[in-house]
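Just need the whole structure built from these sequences, with the hints factored in.
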Amino acid sequence: MTVLLIETATEKAVVALFSNDVMKKKLELIGKSELSEMLVPSINSLFSDFRDIDALECIIVGTGPGSYTGIRTGASFAKALSFAKKIPLVGICGLKGFIPNNLQKDLRFIAAIDAKIGGIYCIEGMCLNSDLDISFSKEKLVSVEEFQEKLKTIPCVITPHAKVIEKRIKTHEGVEFIERTLSLEMLYKEGIAKFERKEYSTDGSLELAYLRKTQAEIEKDM
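Residue 246 is where the sequence shown starts when you use the working numbering, and the numbers rise one by one after that.
No incorrect hints appear here.
List time: in silico DSSO-like cross-link candidates among lysine-lysine, alpha-carbon distance up to 27 angstroms:
(1) Lys330 x Lys271
(2) Lys271 x Lys324
(3) Lys270 x Lys434
(4) Lys269 x Lys257
(5) Lys439 x Lys269
(6) Lys415 x Lys383
(7) Lys434 x Lys324
(8) Lys383 x Lys439
If you anchor each label on the Cβ, the simulated ranges turn out as follows:
(9) Lys443 x Asp378: 17 to 23 angstroms
(10) Lys415 x Lys270: 40 to 46 angstroms
(11) Ile362 x Glu444: 31 to 37 angstroms
(12) Ile414 x Asn265: 38 to 44 angstroms
(13) Lys397 x Glu302: 41 to 47 angstroms
(14) Ile362 x Ser290: 32 to 38 angstroms
(15) Ser450 x Ser375: 33 to 39 angstroms
(16) Lys271 x Glu444: 21 to 27 angstroms
(17) Glu441 x Glu256: 30 to 36 angstroms
(18) Leu373 x Glu444: 18 to 24 angstroms
What the hints contain is simulated information worked out from the structure, not anything from laboratory work.
This one's a predicted model, so the numbers in the text were calculated from it and none came from an experiment.
Glycine is no exception: its CB is placed at the ideal position from the N, C-alpha and C atoms.
In structure tokens form, the structure reads like this:
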């Protein structure tokens, strides 16, 4: 099975080509202003090296949270390609790509990215074994205060913004902030799991995650 993975929500956007569960090639796209110009040539390059784009059978695309422009750029291309070729489009939360280096059974962690004035986007994870078998909670946009409460029970944060988030937390004694880049293998695995559950579209529909409210805002509106 040939799968195209697109993740453009964070500062280091990336596209990767998987074939039969093996990542054949990946390309990093650095530079938000040029992202829309780099995306199509980069994807064409992936396929020119291995096989024709007509062999593509599934697209996995990051739906956020993260950069508004980045998410829209990647999602728009993925939706258009999926619709044109009538192939499954799977949306995946990019936070699930931020995982610990050393996976251990029952290890709990929080994957997080800075949402600036909006707070912190985060998702809780627990390793089921030493492989890429991880149970994730639903992603949330929380206030800094809510995030700090989470750290009392899960003092391990995996993030591309370690120094930024650490500075926003008033008290973080005993909390480990680990800066990581995305695990494309983890995102691929999560995407394939959704594909096998038939959680995909072929009409271009895709839910994005850059405008979701914090839990406090949701409760206030109730």
